[in-house]
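The lines below spell out each chain.
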Amino acid sequence: MSAANEHFPLVQVENLWFGYGATPVLEDVSFTLRRGQFAAVVGPSGAGKTTLLRLILGLLKPNRGYVTIAGERVNGRPSVHIGYVPQLNAIDWTFPVTVEQVVLMGRIRQAPFWPWYRRQDKARMEMLLEQLGIAHLRRRHIRDLSGGQQQRVFLARALMADPDLLILDEPTAGVDMHTAEQILHLLADLNRAGKTVLITTHDLNTAAAHVPWMLCLNGRLIAQGPPEAVLVEDILNRTYRAEMVVIRQNGLLLVHQKPHAHTYRDLLEGEFS
Amino acid sequence: MSELLRPFAFEFFRNGFIAATLAGGLCGLIGVFIVLRGMSYIGHGLSHAIFGGAVVAFVMQWNFYVGAGLWGFFAAVLINEMARRTTIKADAAIGVVTTASFAVGVAIISRYRRFTRSFDAALFGNVLGVSALDVAVIAAIALLVALTVLWLYKHFLFATFDAETARVYGVHTAWIETLFALLLAAALIASLQLLGVTLIAAALVIPAITARLITDDFDHLLLLSTLIGAVTGATGMLLSFYADVASGATIVLVQAGTFGTVLVWALLKQLAQGQARHV
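So the protein lines, in turn, are chains A and B.
Position 247, counted from 1, in the first sequence is what this note's numbering calls 247; the numbers after and before it change by one each time, with no gaps.
Position 77, counted from 1, in the second sequence is what this note's numbering calls 1077; the numbers after and before it change by one each time, with no gaps.
Derived by calculation from the structure, the hints in this document are not laboratory data.
Treat the hints loosely; a few may be bogus.
One side only, chain A facing chain B, incomplete, derived with CB under 8 Å [stated by the list, open to error]:
id, residue
1, His81
2, Tyr84
3, Ile91
4, Phe95
5, Val97
6, Gln101
7, Met105
8, Ile108
9, Leu129
10, Gly133
Predicted model, so just to flag it, every value in this text is computed and none were measured.
Even glycine gets a Cβ: it sits at the ideal position worked out from N, Cα and C.
Please take these sequences and the hints and turn them into a complete structure.
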């Protein structure tokens, strides 16, 4: 990162509006991320989380407002500062590629004119696979991996170009709780090593325990702040448009949709009485 | 041995043999991307569209390769844009564009009946129609396509695997799509005389899916599919001489036979592995 860029926030989202048709998906969203932040965008399905990511990634152009990365306007042109990990369920797992071949894709901007990658690119790949503990899988087909290993492969690809900002779309979707924990610990490690990290997630509770900054989104940005500050009933009700309960226990925050005031048995008995 | 070399005494066979090997390899190479992108139907459709272009080129006395090639390329772009800019799905767009284009060819032929016989070759392929000049053109196209795929190998791979992420990493996927349509059109016209409109799709798809049964590695897949295409092209050509059967059909039957054999082998292997796991 150059010294000049340090004056800017790494990510600046300013009065962003976007809609696919007549109805806006995002309305007047503004926030900034400093270098070194680790943030999660949370919100219900259809809240515009993925759309927001796509605008930051430069895959969509905003209707109004803008996004800058390291001081440069994105506006539909993907920034070189970003390493991106897509949702794993968007990947074609039958595609004939090995772990190595996927990871090397991350170096495509720096790739030479000829068809194969340079020795230093391969050295970097080996170092990253080693760091992420998947070096022994390098010649495997991507289907022959566990969910956690698959996530690491795509994380390695995102790290190949040594980006300032890592963006992950739902990194904990579709993996078991233990793997989700591991992935968030790994992201926290990368964050401590200097990467700015932005994720989207459905999983409020895992995020609350691991991510220090949350952006609550539902069309508009409802609130942002550390989990203790934003995971309160008022904000959650407005974000999820449902009644939520927050349970605090031994420094642990647990969020759940408010249970109905009856049980299955009550229903049954009600019906028979 | 001399019996095996006998057909090579004929010039038409030498031309046909080289053309079949090159066209087989070329279709095998492009076919990998066709199959992985789920574009088998566009390959089939485009060859029909090109038939329309070939007829128009013939009537207008344009060069066959230029006329048919441009026609095929524009048909591919039209399909692409229609699917991208409207709610019409790609398969429906292919159905409209390529069939209408084929109909243009059929309409013109029916109007000028005296052309009918020479267009049998375009429909079903005819080795006798392959001249030394055709061989040179096919060789040039094969070389050009191979060099382009080599040069842009990394971009093609990324864009085919995961187009959206490829865009984030700076790959111009729209350009890659257009270039790919151009390469496909080129491969189709290179194979048209030999295989004919109706048989090309098989030559595109079969080598790639056969190779896919053998390997999970993308690099190996490209090499193997090209090799299978070339070898089955050459073998089919030889067999067609001895069996006195149309060359295009023989090539496709050899490819289908190879695929069938590999499929059985792959299924048996799977079965053996499955049983080993249960022990």
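Going through the numbered hints above, which ones does this structure break? Give me the numbers in ascending order.
Structure breaks hints 1, 9 and 10.
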